[in-house]
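Q: Listed below are the residues making up each chain.
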Amino acid sequence: MIRPVLLIALPLFFAFLSPIIGIWSKKGVRYLIIFATALNATLAGILLLEALQKPVFDIIGGFQPPLGIVLMVGPLGAIIAFIINLVAFAISIYNLKVEKEPIVRYSMLYLLLVMGSTGMVLTGDLFNLFVFLEVTSIASYGLAAYNKDKKGYLGAMKYVIIGSIGSTFVLLGIALIYSQLRTLNMLDIAARIGTMDPYVKIMAFTSLFLGFGVEAEMFPLNTWVPDAYDGAPHPISAAFASLPAKAGVFALARVIFTMFSFTNFLWFVVVMGLLTVFFGEIVAYTQKDLKRMLAYSSIGQMGMIIMGLGIGTTLAVEGAFYQMIAHALGKALLFIAAGFLIYAARSGKIEDMKGMARNPLIGIPLLIGALSIMGMPPFAGFYGKFFILMGGFSQGYYAIIALFLAASIVEVAYYARFIKIVFERGNESKVIRPDAATYVPLIILAIIIVVIGVYPKPILTVLQHVGTFIAGGA
Amino acid sequence: MIQYYYLGSIALIAIGMYIVIAKRNLIKIILGLDIMDTGVNLLFISIGYVKNATAPIENVPGPYVDPIPQALVLTAIVIGVSVMALALSIAIGIYKKTGTLELDEILGVKK
Amino acid sequence: MKKALAIVLAILIFIVFALAFVKIPFGEKMSTYPHYYNPITNQTSNMSLPQHYLTYGKNDTGATNMVTAIVVDYRGFDTLGEVTVLFLASTGVGSLMYVENKVKKKVRRSNAVVETGSKLLFGFIILFGAYIFIHGHLTPGGGFPGGAVIASAFLLLYLAYPKFHAKHEKLSVSESIAGLTFVIVGLIGLIIAGYFLYNFLPFGLPTYLFSAGVIPLIYVAIGVKVGSELTAIVDSMMGVRE
Amino acid sequence: MDLFTIVSIILIIITVITAIIAAEMKDLLSAAIALGIMSLIVSILFYMLQAPDVAITEAAIGAALSMAVVIFAIRSTERWEK
Numbered sequence: 001m002i003r004p005v006l007l008i009a010l011p012l013f014f015a016f017l018s019p020i021i022g023i024w025s026k027k028g029v030r031y032l033i034i035f036a037t038a039l040n041a042t043l044a045g046i047l048l049l050e051a052l053q054k055p056v057f058d059i060i061g062g063f064q065p066p067l068g069i070v071l072m073v074g075p076l077g078a079i080i081a082f083i084i085n086l087v088a089f090a091i092s093i094y095n096l097k098v099e100k101e102p103i104v105r106y107s108m109l110y111l112l113l114v115m116g117s118t119g120m121v122l123t124g125d126l127f128n129l130f131v132f133l134e135v136t137s138i139a140s141y142g143l144a145a146y147n148k149d150k151k152g153y154l155g156a157m158k159y160v161i162i163g164s165i166g167s168t169f170v171l172l173g174i175a176l177i178y179s180q181l182r183t184l185n186m187l188d189i190a191a192r193i194g195t196m197d198p199y200v201k202i203m204a205f206t207s208l209f210l211g212f213g214v215e216a217e218m219f220p221l222n223t224w225v226p227d228a229y230d231g232a233p234h235p236i237s238a239a240f241a242s243l244p245a246k247a248g249v250f251a252l253a254r255v256i257f258t259m260f261s262f263t264n265f266l267w268f269v270v271v272m273g274l275l276t277v278f279f280g281e282i283v284a285y286t287q288k289d290l291k292r293m294l295a296y297s298s299i300g301q302m303g304m305i306i307m308g309l310g311i312g313t314t315l316a317v318e319g320a321f322y323q324m325i326a327h328a329l330g331k332a333l334l335f336i337a338a339g340f341l342i343y344a345a346r347s348g349k350i351e352d353m354k355g356m357a358r359n360p361l362i363g364i365p366l367l368i369g370a371l372s373i374m375g376m377p378p379f380a381g382f383y384g385k386f387f388i389l390m391g392g393f394s395q396g397y398y399a400i401i402a403l404f405l406a407a408s409i410v411e412v413a414y415y416a417r418f419i420k421i422v423f424e425r426g427n428e429s430k431v432i433r434p435d436a437a438t439y440v441p442l443i444i445l446a447i448i449i450v451v452i453g454v455y456p457k458p459i460l461t462v463l464q465h466v467g468t469f470i471a472g473g474a
Numbered sequence: 001m002i003q004y005y006y007l008g009s010i011a012l013i014a015i016g017m018y019i020v021i022a023k024r025n026l027i028k029i030i031l032g033l034d035i036m037d038t039g040v041n042l043l044f045i046s047i048g049y050v051k052n053a054t055a056p057i058e059n060v061p062g063p064y065v066d067p068i069p070q071a072l073v074l075t076a077i078v079i080g081v082s083v084m085a086l087a088l089s090i091a092i093g094i095y096k097k098t099g100t101l102e103l104d105e106i107l108g109v110k111k
Numbered sequence: 001m002k003k004a005l006a007i008v009l010a011i012l013i014f015i016v017f018a019l020a021f022v023k024i025p026f027g028e029k030m031s032t033y034p035h036y037y038n039p040i041t042n043q044t045s046n047m048s049l050p051q052h053y054l055t056y057g058k059n060d061t062g063a064t065n066m067v068t069a070i071v072v073d074y075r076g077f078d079t080l081g082e083v084t085v086l087f088l089a090s091t092g093v094g095s096l097m098y099v100e101n102k103v104k105k106k107v108r109r110s111n112a113v114v115e116t117g118s119k120l121l122f123g124f125i126i127l128f129g130a131y132i133f134i135h136g137h138l139t140p141g142g143g144f145p146g147g148a149v150i151a152s153a154f155l156l157l158y159l160a161y162p163k164f165h166a167k168h169e170k171l172s173v174s175e176s177i178a179g180l181t182f183v184i185v186g187l188i189g190l191i192i193a194g195y196f197l198y199n200f201l202p203f204g205l206p207t208y209l210f211s212a213g214v215i216p217l218i219y220v221a222i223g224v225k226v227g228s229e230l231t232a233i234v235d236s237m238m239g240v241r242e
Numbered sequence: 001m002d003l004f005t006i007v008s009i010i011l012i013i014i015t016v017i018t019a020i021i022a023a024e025m026k027d028l029l030s031a032a033i034a035l036g037i038m039s040l041i042v043s044i045l046f047y048m049l050q051a052p053d054v055a056i057t058e059a060a061i062g063a064a065l066s067m068a069v070v071i072f073a074i075r076s077t078e079r080w081e082k
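Protein chains in written order, with the working numbering: chain A, 1 to 474; chain B, 1 to 111; chain C, 1 to 242; chain D, 1 to 82.
Isolated chain A, as found in the complex:
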């Protein structure tokens, strides 16, 4: 039996340990980080098996909730935590490519980013969620500016400003809830949410929704996304798309379903999601820069997830979670590949990358990732989009479905254009062989994408628990 708290305590332990190790060996710290994320992924996998039997509650400090803090891990939280740690493990291998000093500090920030995102998913306490949100975002600020060039600084600055406004809103929402219910435990809040004044309740919901929307890349609050992704080191762009973003959208799901269990206010979520999809996909189509295109595409995909949550039927939420998993895997893969392509072409422009992916070690995973993100049938991304569509259909959101499909077509269009360019014949002489730190994570991620696409039964088994999640369970 495994305690969820280990997923947080062990990375912390390793992070606090690494400055001491860093005095002797910088290389040692980098391998320590790989080891820590691998250990975490394993533990998260075991935790997932346990959570499938029944939700795991880990009481911290020995005080019953709501007196103390409790970690609340249902099957859905466990699978998101597992995917986050798995992707984090893959990216930590790619981290070996980062050469810029101070590398020990970089490794610590990265490990704590993973820890913060995991904590956001596992916790069952509202204020604790805020603390982990801050851990995640402060680690992200530091990493976004790590390149110490103008692009990186500007992206990080935007991220800091918008992120701080978001966290102020989260705190305001917590203050509103606390002032009426005098509790911070999510399930306690859920049990007594009906006794809140309706106006205060809606204000609290909006504050929390906007606050977590920053990390979830929701529409009016996502202007930081392209700049921060563009300016960050390549592994960090990959990590941003799959760790804090997924943790943020899971926090949104917690707010919507676990705490507030709204049914008549969900159209608001759908509209926000749809706006996000449109903003992301259409701007992505106009981008010439690879990382910016992927960043905008990430916004579009996050919009689809938020929409799926907003439609609110079992099928649509299942789709949203499937999409979260597929997007975390696929986007991380594409960003790692993008890092290689930019390195090979010595330019961030897509048109300079002619034929750069003709090496099978890069090309095949890249193709798999892109097809999965586009939502092509045999790969992981297909089920997510399909379920969201079917869910919307059953609710009669026909206009929204049409718009959603249109956005998906735009997405297919620009990915097809990108694939065509990178596989085109031409300057074969310039194609270089990737080294192990690049292709190993790519292959790991590609294999997972294919496996859960071809054989989705395990994921679907986990997602059967969506019904209890929507009803307010763990």
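Just so you know, the hints here were simulated from the structure itself, not pulled from any lab data.
Pair ranges (Cβ atoms, derived):
id: 1; chain 1: A; residue 1: M1; chain 2: D; residue 2: S30; range: 55 to 65 angstroms
id: 2; chain 1: D; residue 1: S30; chain 2: C; residue 2: I191; range: 49 to 59 angstroms
id: 3; chain 1: A; residue 1: K54; chain 2: C; residue 2: E169; range: 42 to 52 angstroms
id: 4; chain 1: C; residue 1: V22; chain 2: A; residue 2: G28; range: 51 to 61 angstroms
id: 5; chain 1: A; residue 1: V450; chain 2: C; residue 2: P202; range: 53 to 63 angstroms
id: 6; chain 1: A; residue 1: Y199; chain 2: C; residue 2: N42; range: 21 to 31 angstroms
id: 7; chain 1: B; residue 1: D104; chain 2: C; residue 2: I192; range: 55 to 65 angstroms
id: 8; chain 1: A; residue 1: W24; chain 2: C; residue 2: G117; range: 32 to 42 angstroms
id: 9; chain 1: A; residue 1: Y31; chain 2: C; residue 2: I11; range: 50 to 60 angstroms
id: 10; chain 1: D; residue 1: V7; chain 2: C; residue 2: G117; range: 27 to 37 angstroms
Listed next, the stretches of chain C that the computed footprint assigns to chain D, with coverage defined by at least 3 CB atoms under 8 angstroms from CB atoms of chain D:
id: 11; stretch: 57 to 68
id: 12; stretch: 129 to 141
id: 13; stretch: 147 to 155
id: 14; stretch: 222 to 234
As the structure is a prediction and not an experimental result, all values here were calculated from the model.
Even glycine gets a Cβ: it sits at the ideal position worked out from N, Cα and C.
Starting from the known structure of chain A, fit chains B, C and D onto it as the hints suggest.
A: Here is chains B, C and D on its own, set in the frame of chain A:
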């Protein structure tokens, strides 16, 4: 009637928000974020206040005020100063690269 | 134009939240607070959460300062996260302010009065900071203000001796050791009692210095950690002067 | 109105005014000092609201150290807002 403490703290939050949106100087914006933080902290503490009560320390007789918001605000203050220090060091980095702190000039150069 | 928009938005936020806070009473008696509900045992309690802390806090944790009891014991996990946030900030500032080749800068000496005065004061300030965090479970104060006071002692040195530089490696080692202490105390609790951050030491007599189990231990760790982190932040920020 | 109310209202008004001064000052150093004064007054307010722990922390961290950090930052960049 709305309480003056609440009004004051919401006013601080609104002033901070105004600075962040209207001002174009990076350090000014960071100061604005700090004002917003302070406003939220004051709001939290005033939520926990109980009339004619004392601080929640057992040496003095009760009734006591609500201790939870105080614990939360302790956390929030430290988080606020952490964000501020990091934001300032990013601003210094921007200054080193561009020689200015004005957002308009920085973004204007980029065009 | 942008200014007008910002003013309108600020006023809008003010009104919207003011309307929400009209509904929230100020300074009401604690007996009017809603009672809490335990989601695991499915029971509604007969008192509110703050009332529970104030009534049973001394028995549950052994501390006489309830804020400390909540910060370190009931919600100790938050505090661990918070310490991590500060650690991240000092790491982040350090990594952003990192320069490959440190150039020696010419600095002016400050005058003799300032130098001697700060030398005299330094010890006292450190002592005061240590007092604040060691007595955190008995009197107001605790690891965070205590650490900040210690950092301000170093700040004084930085101002009085422009050449003064705290060794970054030493700072990060003390940071690490304090952080590791916190995590290890938590893990020992997990091993002994099955709860992370469990207060496994005997509580002793309330109001005595050695009471409240692990709380003083954790607060000392937090104090050292906060002190060295804030000093590291100040040091990194000072490093950029020319 | 009792003394608590009167003193609180006066202090809150001063807090808001210092915040506005901090917003409108072109001299960043003065703005930072105004912010430090605001933090100090807020810490008095915390003390009046029976939160001594928070008051100490706000005075030590919010007023003293964060001001020091801001002033260092201003010293290594520029002092005047355009």
